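Trainee: Sequences and hints are given; from them, build the entire structure.
The listed protein sequences derive, respectively, from chains P and H. Under full-length UniProt numbering, the first residue of the first sequence is numbered 1, with each subsequent residue one higher. Under full-length UniProt numbering, the first residue of the second sequence is numbered 1, with each subsequent residue one higher.
These aren't lab readings, by the way, just hints derived from the structure by calculation. Keep in mind that the hints are not guaranteed to be accurate.
Said to hold, decoys possible - List of simulated lysine-lysine pairs, DSS-like, C-alpha gap at most 27 Å:
1) K358(H) x K374(H)
2) K396(H) x K70(P)
3) K52(H) x K238(P)
4) K438(H) x K70(P)
5) K45(H) x K70(P)
6) K238(P) x K5(H)
7) K156(P) x K256(H)
8) K112(H) x K45(H)
9) K431(H) x K156(P)
10) K422(H) x K386(H)
11) K441(H) x K238(P)
12) K226(H) x K396(H)
13) K52(H) x K278(H)
14) K5(P) x K5(H)
15) K70(P) x K441(H)
16) K386(H) x K194(H)
17) K238(P) x K438(H)
18) K77(P) x K422(H)
19) K226(H) x K238(P)
20) K422(H) x K70(P)
21) K422(H) x K156(P)
If you're wondering where the values come from, they're calculated on a predicted model, not measured in any experiment.
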Amino acid sequence: MITEKGVWNRLRTRLLFTGPTLFAFITVMIIPFLYGIYLTFTNWDGISTTLSLVGIQNYLAVFRDIEFWKSFGLTLKYVFYTVVLINVIAFMLAYVLTKGLKGQSIFRAGFFLPNLVGGIVLGFIWQFIFNNVLVYLGQHASIQSLSTTWLADPDKAFWALVIVTVWQNAGYMMVIYIAGLTGVPNDIMEAASIDGANSWTRLRKMVLPLMVPSFIVCIFLSLQRGFMVYDVNLALTKGGPFSSTQMVSMHVYEKAFLSRDYGVGQAEAFVLFLMVALITLLQVYFSKKLEVEA
Amino acid sequence: MSKFKRVQWMVMLLLLVMVVSACGGSGGEGNSASGGGSGDSKNVKITLLNSKGEILPQLEEAAKAFQKDNPGITVEIQPVPTGGSPFERASALYASGNPPTMIMLDTGDVEKFKDRILDLSGEKWNKDTVENATTATTVDGKNYAFPLAVEGYGFIYNKAVVDKAVGGSFDPTTIKTRNDLEKLFQQIEASGKKALVISPMDWSLGAHYLPLAYAGQNKDMAEVDKFMASLKTGQASLANNPVFNGLMDTFDLMMKYNIDQASPLAGAYERGPELLGKGEVGIWFMGNWAWPQINSFDTANKEYGFLPVPISNNADDYGNQEISSAVSKRIVIDKEKTTPEQQDAAKKFLNWIVYDEKGQDFLVNQANIIPAFKNITLPAADPLGKSIQDYIAKGKSEQSMSMLPADHWSKTGSSMQKYLAKQGDRATLVKEIENYWKTVK
Chain P
1 MITEKGVWNR LRTRLLFTGP TLFAFITVMI IPFLYGIYLT FTNWDGISTT
51 LSLVGIQNYL AVFRDIEFWK SFGLTLKYVF YTVVLINVIA FMLAYVLTKG
101 LKGQSIFRAG FFLPNLVGGI VLGFIWQFIF NNVLVYLGQH ASIQSLSTTW
151 LADPDKAFWA LVIVTVWQNA GYMMVIYIAG LTGVPNDIME AASIDGANSW
201 TRLRKMVLPL MVPSFIVCIF LSLQRGFMVY DVNLALTKGG PFSSTQMVSM
251 HVYEKAFLSR DYGVGQAEAF VLFLMVALIT LLQVYFSKKL EVEA
Chain H
1 MSKFKRVQWM VMLLLLVMVV SACGGSGGEG NSASGGGSGD SKNVKITLLN
51 SKGEILPQLE EAAKAFQKDN PGITVEIQPV PTGGSPFERA SALYASGNPP
101 TMIMLDTGDV EKFKDRILDL SGEKWNKDTV ENATTATTVD GKNYAFPLAV
151 EGYGFIYNKA VVDKAVGGSF DPTTIKTRND LEKLFQQIEA SGKKALVISP
201 MDWSLGAHYL PLAYAGQNKD MAEVDKFMAS LKTGQASLAN NPVFNGLMDT
251 FDLMMKYNID QASPLAGAYE RGPELLGKGE VGIWFMGNWA WPQINSFDTA
301 NKEYGFLPVP ISNNADDYGN QEISSAVSKR IVIDKEKTTP EQQDAAKKFL
351 NWIVYDEKGQ DFLVNQANII PAFKNITLPA ADPLGKSIQD YIAKGKSEQS
401 MSMLPADHWS KTGSSMQKYL AKQGDRATLV KEIENYWKTV K
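Mentor: What follows is the structure in structure tokens.
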């Protein structure tokens, strides 16, 4: 609460507390962001000392870049499956692990653990599992679908990515759901069970509506992580086989730094930013309407 | 109250000073790091961004040896992180205003940096280079880069395996046509080993194998350039091109005898040297840089060599007896942030590599590099380097395509992978490659 009288006094107090953060935010986020937008109107290649303005040509190039839209479509598919699977699994884990099982904190820690491993390391670990461990098992136990590596087949490589992502993120979302579940007031649940509601009804009519804030956060996080996926994509499949699992972030990166087309790459990044911002804002806006008071 | 206000102002002022000095501080540090010699002219510090990860320890030793001979100059080697490209790292360093004194770039990158790097045409080593060593880095008559290494690639054979297969000492010059190659494959299979392994990495297929179809068009590089230009405009047709089709016929043959037929894209780079070194396959398509890895599995008493990739059944066709080779890594010197003292020190370091006995020893014996200089007469230290030197000496070398667009290997490499995995036929491959070239700027 700011109680000082006078504009200057108020401003000074604000600056004292928000100033440093604001300064850091503006210098490392806002200015580079605006500069990046400026670069989308140039033909810069990433290194040359001269650059000239080319108007909206880079944006036109974005719309002509079939590969970009192909990878964006693939990313949408990936986001759909990961968001659904992550949240369903995370909620089920959280539900089970708040029932007072023996050793439930060890299980919680165990499921959370993959989230602590960096995406690159995790990708390499799973690459080894898919390429060697599962193939070995498949060949020795004569399981047809495992006897050749999943990462060499476009469809299976996609599912490998989904599996690893779900494995990595479900534990993190589980923690948020656990916090949400423990926040559901006991008296309401008790009253409901006295009124004769069975556990399914209690879950559907009491728990889920009260958990909407947790769902908003978790779906938002998994949406955003899904759209921005890069590290797992790079370490697990490198976009292969034959570019069939190249997600949109990877495409943008390669456009800017591999094809040396910085302007177009930056424009694609900006288009991607707009679309992800739109989708996540819509998600938050509409799901806010589902919130209820206990 | 007023006392409290004064404290507030003090705190704010302090914060402001801290922020400003932090910014100023990093700038100053950058200057002193790159301009090390400006204060006292005695000690000059230069840095080299190394993008040839396999020679990092050797390079560090070389830097120490150089420092010993040249007191007052410190050379620091900075690695490019694994998986990163030198272009990417160098442009990031330039963007942060703190570029290294020397940068090891790939040939095709040099021209992009030409506004920021030193013209090296005046250096003595320019006239001692091997043929074609500086043509690719010369813009408007000025050479911007120091040629560091000659690298070559083709079919590497394990002599122990092929000796057993042909029943006697194998002579690589007997393989002149595709039929000869197939016969050799069959002989190897008959001796109980697998014929070859295809490493399915996009860079191997896209940057090494496919470019044989471009370079093999003509012995004259000017004609090859013309062919490339017609590919860009969409006039050249690959579908009816005899060199391309011949090369892909050889690829079909390779696929037929590939040890990884069941899952051709599953193999990783590390699998190649292991299979070849242990003698489980007789042949591997790769280059001389793979020697350290092959050596670590060696069972053939270090006897390996190169075979050309035949493109037809006519022994006289160009490419059937030639090994693809070219100068691959280049060192450039920054001129934006470096002081004249640093530039001189950097030039001295490059001259030391070419003309000093210790520098030559580092290049040839320690780092296993085939030098790009005629005055260095030391024989290559490893069998693969020897084999390439041998081909070059006999005039049987084909210039590798080192000026392809930067994304060529990844785009066409994935098309080649599709073909290798039999997910697309040759018509698809032709279409994808031709489309790629039409989108190149």
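Trainee: State for each hint whether it applies.
Mentor: Hint check:
{"no.": "1", "hint": "K358(H) x K374(H)", "in the structure": "holds (17 Å)"}
{"no.": "2", "hint": "K396(H) x K70(P)", "in the structure": "violated (44 Å)"}
{"no.": "3", "hint": "K52(H) x K238(P)", "in the structure": "holds (21 Å)"}
{"no.": "4", "hint": "K438(H) x K70(P)", "in the structure": "holds (19 Å)"}
{"no.": "5", "hint": "K45(H) x K70(P)", "in the structure": "violated (48 Å)"}
{"no.": "6", "hint": "K238(P) x K5(H)", "in the structure": "violated (58 Å)"}
{"no.": "7", "hint": "K156(P) x K256(H)", "in the structure": "holds (25 Å)"}
{"no.": "8", "hint": "K112(H) x K45(H)", "in the structure": "holds (26 Å)"}
{"no.": "9", "hint": "K431(H) x K156(P)", "in the structure": "holds (26 Å)"}
{"no.": "10", "hint": "K422(H) x K386(H)", "in the structure": "violated (36 Å)"}
{"no.": "11", "hint": "K441(H) x K238(P)", "in the structure": "holds (25 Å)"}
{"no.": "12", "hint": "K226(H) x K396(H)", "in the structure": "holds (22 Å)"}
{"no.": "13", "hint": "K52(H) x K278(H)", "in the structure": "holds (26 Å)"}
{"no.": "14", "hint": "K5(P) x K5(H)", "in the structure": "holds (13 Å)"}
{"no.": "15", "hint": "K70(P) x K441(H)", "in the structure": "holds (21 Å)"}
{"no.": "16", "hint": "K386(H) x K194(H)", "in the structure": "holds (26 Å)"}
{"no.": "17", "hint": "K238(P) x K438(H)", "in the structure": "holds (25 Å)"}
{"no.": "18", "hint": "K77(P) x K422(H)", "in the structure": "holds (25 Å)"}
{"no.": "19", "hint": "K226(H) x K238(P)", "in the structure": "violated (34 Å)"}
{"no.": "20", "hint": "K422(H) x K70(P)", "in the structure": "holds (22 Å)"}
{"no.": "21", "hint": "K422(H) x K156(P)", "in the structure": "holds (16 Å)"}
Hint violations for this structure: numbers 2, 5, 6, 10, 19, all remaining hints satisfied.
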